[in-house]
Each structure stands twice: as C-alpha cells, then as structure tokens.
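Here's the letter readout for the chains.
Protein chains: 2
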Amino acid sequence: MTRVATAEENAMNDMPVIHGYDYGTARTAHSPITVDELRMLEQTVGWTKADGEAIAMAAEVLAGQEEAMVDSWRSVIGEHEHLAKWFFGPDGKPDETYKAAVKKRFVRWVADLCRRNRDQAWLDYQEEIGLRHTPAKKNVTDHANTPPLVPLRYLMAFTSIVVTTAKQFLAKKGHSPEEVERMHAAWTKAVMLTLTLWSRPYTKEGLW
Amino acid sequence: MTRVATAEENAMNDMPVIHGYDYGTARTAHSPITVDELRMLEQTVGWTKADGEAIAMAAEVLAGQEEAMVDSWRSVIGEHEHLAKWFFGPDGKPDETYKAAVKKRFVRWVADLCRRNRDQAWLDYQEEIGLRHTPAKKNVTDHANTPPLVPLRYLMAFTSIVVTTAKQFLAKKGHSPEEVERMHAAWTKAVMLTLTLWSRPYTKEGLW
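Chain order of the listed sequences is A and B.
All residue numbers for the first sequence refer to the numbering used here, where the first residue is 197 and numbers rise by one.
All residue numbers for the second sequence refer to the numbering used here, where the first residue is 197 and numbers rise by one.
Take these hints with a grain of salt, some might be off.
For chains that are exact copies, the list does not tell them apart, and a pair is met inside one copy or across any two.
[Said to hold, decoys possible] Computed cross-link-like contacts, DSS-like style, restricted to lysine-lysine with a CA-CA straight-line distance of at most 27 Å:
| id | residue 1 | residue 2 |
| --- | --- | --- |
| 1 | LYS299 | LYS369 |
| 2 | LYS334 | LYS400 |
| 3 | LYS363 | LYS245 |
| 4 | LYS245 | LYS281 |
| 5 | LYS245 | LYS400 |
| 6 | LYS333 | LYS369 |
| 7 | LYS289 | LYS363 |
| 8 | LYS333 | LYS289 |
Worth flagging that the hints you see were computed from the coordinates, not collected in a lab.
Remember, it's a predicted structure, so these values are computed and weren't measured experimentally.
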C-alpha cells in the first residue's frame with residue numbers, strides 16, 4: 197500500500213545527502229535513554245504545548261537562515277584558539293575538509309532541532325552527536341585527524357552563544373516581540389535538552 | 197590600619213550567617229581550574245564588558261526578588277517527582293530541614309551570580325557547589341540523609357527554567373525592553389558559566 201508522504205516528511209527528506217548524517221539509520225549509536233526518560237527531561241526544561249507551537253513557528257522563521265547562524269557561531273569559534281583548535285589537523289592548522297563536513301551537519305541540526313519528533317530515533321541521534329565530540333567517535337565519521345575531543349566545558353559554555361544569538365535570527369521575519377520571545381524561550385529549552393543528552397557520554401558511570 | 201569597607205563589601209557581608217555558605221573560606225573545595233582557564237570560559241559564553249554592566253544592573257533589579265525566584269523554581273521541582281525526590285529522606289518524604297538549608301544558599305547564589313568578582317575564590321565555590329550535587333559532598337554540609345546525588349541530566353536541563361523564567365523578574369522594575377534584554381542575555385551567560393563549572397566533578401577524567 198502506497199502512502200503519500202506528508203508535507204513535513206517531504207521537508208525532512210528533500211535535502212541533499214549529507215555525509216555522516218545518519219539520523220534514523222542503523223549506523224547511529226543506540227541511546228540507553230528511553231522515551232519515558234526523555235519525557236521527564238522535557239518536563240525538566242519546562243517544555244509545554246505552547247513551546248511546541250512556538251518551535252514550529254521558529255522552524256519557519258529560521259528556514260533558510262540555518263547556515264548564516266552556523267557561520268556566525270563559527271566566526272566566534274574562529275576568534276578564540278581555545279575553541280578553534282579542536283578543528284586543527286596535526287599541522288596545527290584548521291582542517292578545512294573536516295570543518296566543512298561538520299558544518300553541513302551542524303546546519304542540519306538547526307532545522308532538526310525545530311522540526312524533528314522527539315522519539316527513539318531522535319534520542320539515538322543525540323547520543324551519536326554527543327559521542328562524536330568524545331574520543332569514542334570524534335574524527336571517525338570524517339576520517340579526520342584532529343584532536344580526539346571537544347572538552348565538555350567548551351561544548352556547554354558555547355551553548356550560551358547558541359542561545360543568546362538566536363534571537364536576532366528569530367526576529368528577522370517581522371514577528372511581534374511577543375512571538376519572538378516565545379520562539380526564543382522554546383529555542384532555549386530545546387537547546388538545553390539536546391545539550392543535556394550530549395553530555396551523557398562524558399559523564400562518570402552512575403552520575404548522569 | 198583600619199580600612200573603610202566599600203559599599204559593595206557591605207552589601208556582600210551584611211547578610212545573616214548562612215549555614216554551609218563557605219564562600220572564600222578554607223572549608224570550601226579548591227577548584228583545579230585556574231583563573232586563566234576561567235577567562236577562556238568567559239570568552240566561550242560570549243561575556244563582554246557590556247554584560248558586566250548589564251549584570252550589575254540585574255543585581256539591583258533582582259535585589260529583594262531572590263527568594264521569590266527560588267520559590268518559583270522550587271515550585272516547578274515540587275510538581276515533578278523525578279526532580280523532587282533528590283530532597284527526600286529515607287521515609288520517602290521531603291526532608292524539610294534539608295530543603296530549608298539548601299534554599300538559603302540557593303537564594304544567596306542568585307545575588308552572588310550577579311555581584312561576585314570571578315576570581316579563585318569564586319571558582320572554588322563553584323567547584324564546591326558542583327560537588328555538593330554529587331556523592332562526594334551531597335548531604336555532608338547539612339548532615340542530611342537524602343539520595344547521594346542530583347543526576348547531571350536534571351542539573352543541566354533545569355537550567356533552562358532558571359534561564360527562561362528570570363526574564364519576568366528582570367522586567368519587574370520598569371526597565372526598557374532593551375535593558376531587560378541586555379540583563380537577560382548577561383544572566384543567561386552567567387548561568388551557563390556556573391553550570392559548566394558545576395559539571396566538572398561529574399565528568400570522566402580528561403573529558404571536561
């Protein structure tokens with residue numbers, strides 16, 4: 197029986213193939229976190245039905261701006277050697293091939309954060325993203341030779357940039373200050389939710 | 197030689213003694229993080245001179261509102277057993293003595309976040325706060341018998357509440373939307389900075 201894809205499915209699938217973007221595939225890590233535990237985390241960040249509506253609005257507003265957002269974050273990273281060096285090759289210079297490969301997935305992450313259903317496949321890919329910042333999987337996807345880690349301190353602290361700078365992009369399409377505020381709160385909650393999941397592989401046994 | 201205390205010193209010291217509030221004392225853990233590393237983290241959250249001015253304004257705006265903020269957060273915690281249970285005694289009921297003791301320090305944390313200079317004493321106390329959420333030091337200060345941990349997942353995810361709900365308190369004293377916005381961005385950065393430091397004792401060797 198042939199099923200007609202929904203508009204949303206088309207929006208998710210109608211993207212160029214991105215190397216290493218293994219969302220929903222068997223190549224992705226399996227998260228040990230259950231969907232029930234995810235629901236508890238959603239409650240913990242304060243996620244509500246209104247946030248669901250606001251993040252759907254944000255998905256529309258940010259559509260087409262994803263790369264500009266990542267460019268603005270990359271620009272901050274490039275200003276500080278303690279942030280940039282995790283992208284350096286053995287020659288002490290930025291590995292541009294690796295940077296470009298990661299960037300495509302980072303851009304896609306912006307869209308996914310606003311659009312994806314939070315189910316087991318979503319959990320699994322958050323686990324995968326976390327692992328790709330640790331020695332377990334950094335460099336593996338892209339056969340790169342950069343340092344084997346992005347230290348948790350920088351992953352966490354940089355989230356502040358991802359949260360605070362998003363507002364200007366959310367305000368670019370003429371929405372009211374109240375709408376921008378609601379979208380920004382939902383964005384903040386969504387970012388904190390994924391950051392929390394990414395921290396799992398960094399954490400000592402039993403403490404996460 | 198007698199030195200006259202500055203207004204700020206009076207503001208910091210003119211508080212009732214809070215049990216376990218060991219800021220700047222030898223009872224506090226020593227952070228292995230240096231002030232130079234802290235400066236790199238400040239850059240990573242995007243901290244600027246303007247944020248320093250905005251957080252000083254926030255200190256004034258939030259003065260007297262600290263307890264109401266903590267009450268609002270405690271109210272969210274109380275709504276969810278997966279958040280509340282870390283305050284439960286062996287009888288499965290909230291340990292009200294422990295809750296009251298922790299609350300005084302939580303209230304003080306709001307003021308400190310806006311007012312304290314970020315030096316080694318500040319770093320040391322962030323380390324101490326982190327440890328007090330882990331088996332190394334939870335319950336010790338208050339001789340309590342609650343679970344030995346607040347899991348990192350909840351410490352991190354709940355930060356979203358602390359960030360998003362602060363805005364209403366920052367808006368309560370008649371500042372312009374732009375001023376509230378600047379204070380809220382500085383608040384977000386400051387919260388992410390302390391959260392990052394609190395995560396250190398949770399993290400596997402070499403990954404923080």
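We went through each hint and held it up to the structure:
In this assembly of identical chains, the alpha carbons of LYS299 and LYS369 lie at most 27 Å apart only when taken from the same copy (24 Å versus 42 Å across copies). Both within a single protomer and between protomers do LYS334 and LYS400 lie at most 27 Å apart by alpha-carbon distance, with minima of 19 Å and 16 Å respectively. Within a single copy, LYS363 and LYS245 get their C-alpha atoms as close as 21 Å, and across copies as close as 20 Å, so both meet the 27 Å cut-off. In this homomeric assembly, LYS245 and LYS281 come within 27 Å of each other (Cα to Cα) only across copies, at 25 Å, whereas the closest approach inside a single copy is 40 Å.
Neither within a single protomer nor between protomers do LYS245 and LYS400 lie at most 27 Å apart by alpha-carbon distance, with minima of 33 Å and 36 Å respectively. Taking the closest pair of Cα atoms, LYS333 and LYS369 never come within 27 Å of each other, the shortest separation being 38 Å inside a single copy and 49 Å across copies. Taking the closest pair of Cα atoms, LYS289 and LYS363 never come within 27 Å of each other, the shortest separation being 32 Å inside a single copy and 41 Å across copies. For the identical chains of this complex, LYS333 and LYS289 are intra-copy neighbours only, at 21 Å inside a copy versus 42 Å across copies, given an alpha-carbon limit of 27 Å.
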